[in-house]
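Participant: What follows is each chain in one-letter form.
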Amino acid sequence: MKTLLIVLLFLTLLNSGAPLWLVIGLLSVISFVFWGEGGSDLADLLSEGAPLSDLWNHGVDYSLSVPIQMFRVTESPVLIAIPLFTIAGMIMTKGQISKRLVEVSRAAVGFLPGGLAVTTIVGCTFFAAISGASAVTIIAIGGMLYPALKSEGYSEKFSLGLLTSSGALGILVPPSLPLIIYGVVAKADINKLFVAGLLPGLLTMGALSIYSAFQAETHGVRRERFSFPELREKIRKGIWAILLPVLLLVGIYGGYTTAAEVSAVAVVYALVIEILVHKALKWSDLGKIFVDSLVLVGAILVILLMALSFTNFLAVEQIPQYATEWIKGYVTTPLGFLAAVNGLLLIVGCIMDIFSGLLIVGPLVVPIAQAFGVDLIHLGIVFVLNLEIGFVTPPFGINLFISSSYFRKSVPDILKAALPFMAILLGCLAVITYFENISLVLVR
Amino acid sequence: MAQLLSALRRIDSALARAEGAVIVLCVSLMLFLAFGQVALRPVTSGFPWADQLARFLVLWTGVLGASLATRRRKHIAIDVVTKFLSPRGRAMAALIGNGLGILLCAFLLLVSIRYVAANRENATLATTMHLPIWLVQAVIPYGFAAMFLRFLDGVLEDAQGLLTGDFSYQKQFEEAPEAAFSKGEGS
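Protein chains in written order, with our numbering: chain A, 1 to 444; chain B, 1001 to 1187.
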């Protein structure tokens, strides 16, 4: 009954369009004051006919959990990676690193069957990884490659579907923010999460690339001619940009550094390159980049802070344990549980952006998954992949709307174009969920 | 109401300038500390206080960023329903959200003041350095106070819109998807 009330209140407020952190914050306050330990004390106060000031003090006392939990976030060593990677991503977007990277990959793989489509997939993956947002990816890469795709003979439908769904790929590759945030919520090792994301990331990229090559061949798309001087020229222009992902990947996969350290290096490196080498940014742009990044981070951080205090309530009240008992009445195997999580997350992914989804559902699902004996690293990969697919699924997948407004096509048209890609991504998700070794083999 | 609104706006933009300046300062320091730790790794095993200070700065900049996000109406919200409403409907929905913001921020402001005051009385220090912890925590009540003002501003704006039927103020919060990238084209 208690749980049902929480859920109902939550759903109603969620859809009023109020800022999410307010909804979660209100929930934690109400929970602590009325339903937690505070609830029984409150009942005592009420039955004694205590004066209003006592009731008020009672409310304030039990709400102290909120600032306490807010401050406890400063104990998390990975916390600093969230603002720093956001800043690094912003620098790369406003400068030229990402653009030059796309040009290098086009010169390198453009001659393969489906080469430009593969370039799109690689570009989207890297871009979504650094910017953490698939919406920006569609616009950034789409603006560069959509005209090129069409002029090379790819059908409009294919090009739109490719761009709409490829934004989903980057989040399994470092320095993906969603994985870091999952790590904070689940208290899982961030470096392990990144390593675990490698094979699933390559698998989804590979599956989409094979489909693209197949499509390109059957539609008789003209292949680009491979030109070594061209490649050399692009590499010469892009060498500093190429070194950045190399640095990130070697640092993290090689186990030399933590995500927090890599994030600091990434910001400094990107700054030096964009300002001194590419001359795409000026020192005076820095202030605006810092402030804009921190507005994004702040919007995520308040949700994180409120979610952590709500999680604390759930843990104190042992609600995940009750939920586990209840779920065990229907599902008994870890795999069955993961399948159920997949279903739930696909729905959540349709209606929420990935950060909100992670922060709201994560704290509930993680302890239950532990009770089922599901590996938390594996769960993280499944979790993030799921939410990202939700971006493309109707009725509310945000990528569909972004594409629709940016490419000026109707949402049903975009949806039809994205369907085959979505089917491939769902297939990959099923495979990755079922064979947990795809994510875990490199971690062990 | 118009006078109250313009007074609020003046406070609001003064706060925003200060918040922006503090963010730039804190982020620079945070970056310096974090990069310094990496750069010095061959020489020392690192300074625990630098790590802790950097994390405190994340809290500071994050809360200030959230405060600015309130000003720009950039908070993450589920807008699948409200997206399809008329300007009037959206103003009414925003009135609910901003009203909730006023209530919750006011309450949490009081709660967090009590929290900070308690730590100040106990003279609690940070674990790795001689820094009174309440000074760090003080950003929490500040954040709620600043957001309270901004939500109040929002409520007045929405109320004025509903009374006069002029919803043009909503335009400044709508960002076309292109805008996120338009400045990023480089050369």
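Any given hint could be a false lead.
Stated by the list, open to error - One-sided and incomplete, this derived list gives chain B residues near chain A with beta-carbon spacing under 7 Å:
(1) 1055
(2) 1056
(3) 1086
(4) 1112
These are calculated hints, taken from the structure and not from any lab test. Think of the CB as a built atom: it goes at the ideal place given N, C-alpha and C, for glycine as much as any other residue.
Participant: State for each hint whether it applies.
Facilitator: Consistency of the hints with the structure:
no., hint, verdict
1, 1055, "holds, 4 Å"
2, 1056, "holds, 6 Å"
3, 1086, "violated, 13 Å"
4, 1112, "holds, 4 Å"
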